[in-house]
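S.K.: Listed here are the chains, written in short residue letters.
Number of protein chains: 2
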Amino acid sequence: MSEPKKVRTRERMLASAADLLSTTGSGGVTIDRVLRESGAPRGSVYHHFPDGRAEMVTGAVALASEAMISMLTAVAEQATPQECLDYLVAFWKNRLETSDFTLGCPIVGATIDDGSVPGLHELVAGTFDQWHRLIAESLTGSGVAEARARTLATVIMAATEGAIVLSRAARSTAPLDDVSLELRQSLDAAVAAA
Amino acid sequence: MSEPKKVRTRERMLASAADLLSTTGSGGVTIDRVLRESGAPRGSVYHHFPDGRAEMVTGAVALASEAMISMLTAVAEQATPQECLDYLVAFWKNRLETSDFTLGCPIVGATIDDGSVPGLHELVAGTFDQWHRLIAESLTGSGVAEARARTLATVIMAATEGAIVLSRAARSTAPLDDVSLELRQSLDAAVAAA
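Sequence lines, in order, name chains A and B. One point on numbering: in the numbering used here, the residue at position 85 of the first sequence is 85, and numbering is uninterrupted. One point on numbering: in the numbering used here, the residue at position 78 of the second sequence is 78, and numbering is uninterrupted.
Just so you know, the hints here were simulated from the structure itself, not pulled from any lab data. Check before you lean on any hint, since a few could be wrong.
[Stated by the list, open to error] Stretch by stretch, here's where chain A covers chain B in the computed footprint (C-beta under 8 Å, at least three residues):
1. 36-50
2. 117-125
3. 152-161
[Said to hold, decoys possible] Beyond 12 Å from chain B on every Cβ pair, some chain A residues (computed):
4. Q82
5. A145
6. A153
7. T154
8. V191
[Claimed, not checked] The calculated label-pair distances, taken between Cβ atoms and stated as ranges, are:
9. R36(A) - T80(B): 31 to 41 Å
10. I31(B) - S142(A): 31 to 41 Å
11. D100(B) - G126(A): 33 to 43 Å
12. E11(B) - Q185(A): 35 to 45 Å
13. A174(B) - S142(A): 19 to 29 Å
14. R36(B) - A189(A): 31 to 41 Å
15. G141(A) - V191(B): 40 to 50 Å
16. D177(B) - G43(A): 28 to 38 Å
All values reported here derive from a predicted model rather than from experimental measurement. Glycine included, C-beta positions come from ideal geometry on N, C-alpha and C.
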């Protein structure tokens, strides 16, 4: 019984750290706040994160990155790029609405960073690269030429991430809806031209 | 001589606070850091910002907001929406490149916030609203119908802000270039259909 419980404590702490990254950026992820949010006992910090705060922040980015990659991979396997976009937008709308617009994207939060966590910048850049590759592959899989797929994947990521920030500020998912509508048109045109 | 010097000190402190907002979010804007970055004497905090840190953060958002509004208004008066977009993208590319990709958008930084500054959220929402209105007006001024101008203005803001984050992560302005290319096509189509 002890191993699953340990895993759960570690994952609960990382999930809290990822939420704090979303809300406040990396500077807001402190050991005290993670303990408070996750309800984990203080001893678990040194047990699960012997390198302390930095390990907690990078672990949270890795967890959030892998969760998105699993989701994108699973959806892209059985859906058109347009359906992938709908799924992605619905995911972010739900996250914003169920958190009273406090939770945005943890990887964007990790980009807003003062450089206090070694290796964080490379991890963030690598995460965005992987997400970008998955979206571009979904487009080339629908016959879109490689160069156009790469540009369009950048726009999908940029516009979605930007709309999450605007939606958070407006406490309304209208920016995400507007962006989704426009991106849908670009996707339809790119796939039709393929 | 004393009034201009006082104004300069206050503006220098606010400019430092706005840069810190861009880099680290609102949590990274502390009185000590602003003093260190601006080189202002400690006594100037209580002189210029009697309400302390919160007043410094909201003042920095107001300064950054007004600077962008002045720029957008001046450019929109004598340029097409496409030229405005080029100007905006060039401005952000220059800011990223000359800061070694540490300075993004201070208003996005202010959105990544833990709620410790009263009124900050409303100020951020109001700023995005004003920017949005200016961009939408530039589009309707070129004959684009109002509903389409509003949606397109949201996409321009979201994609540009998102691309600034991606460019910062990639330490490259390629995401901004890609987004600029795609937005240009949408703008051309919208203006041509007008």
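S.K.: Next step is simple, just say for each hint if it's right about the structure.
M.R.: Structure-based check of all given hints:
no.: 1; hint: 36-50; verdict: violated (count 0)
no.: 2; hint: 117-125; verdict: holds (count 3)
no.: 3; hint: 152-161; verdict: holds (count 8)
no.: 4; hint: Q82; verdict: 16 Å, holds
no.: 5; hint: A145; verdict: 14 Å, holds
no.: 6; hint: A153; verdict: 9 Å, violated
no.: 7; hint: T154; verdict: 4 Å, violated
no.: 8; hint: V191; verdict: 15 Å, holds
no.: 9; hint: R36(A) - T80(B): 31 to 41 Å; verdict: 52 Å, violated
no.: 10; hint: I31(B) - S142(A): 31 to 41 Å; verdict: 53 Å, violated
no.: 11; hint: D100(B) - G126(A): 33 to 43 Å; verdict: 19 Å, violated
no.: 12; hint: E11(B) - Q185(A): 35 to 45 Å; verdict: 43 Å, holds
no.: 13; hint: A174(B) - S142(A): 19 to 29 Å; verdict: 23 Å, holds
no.: 14; hint: R36(B) - A189(A): 31 to 41 Å; verdict: 50 Å, violated
no.: 15; hint: G141(A) - V191(B): 40 to 50 Å; verdict: 33 Å, violated
no.: 16; hint: D177(B) - G43(A): 28 to 38 Å; verdict: 50 Å, violated
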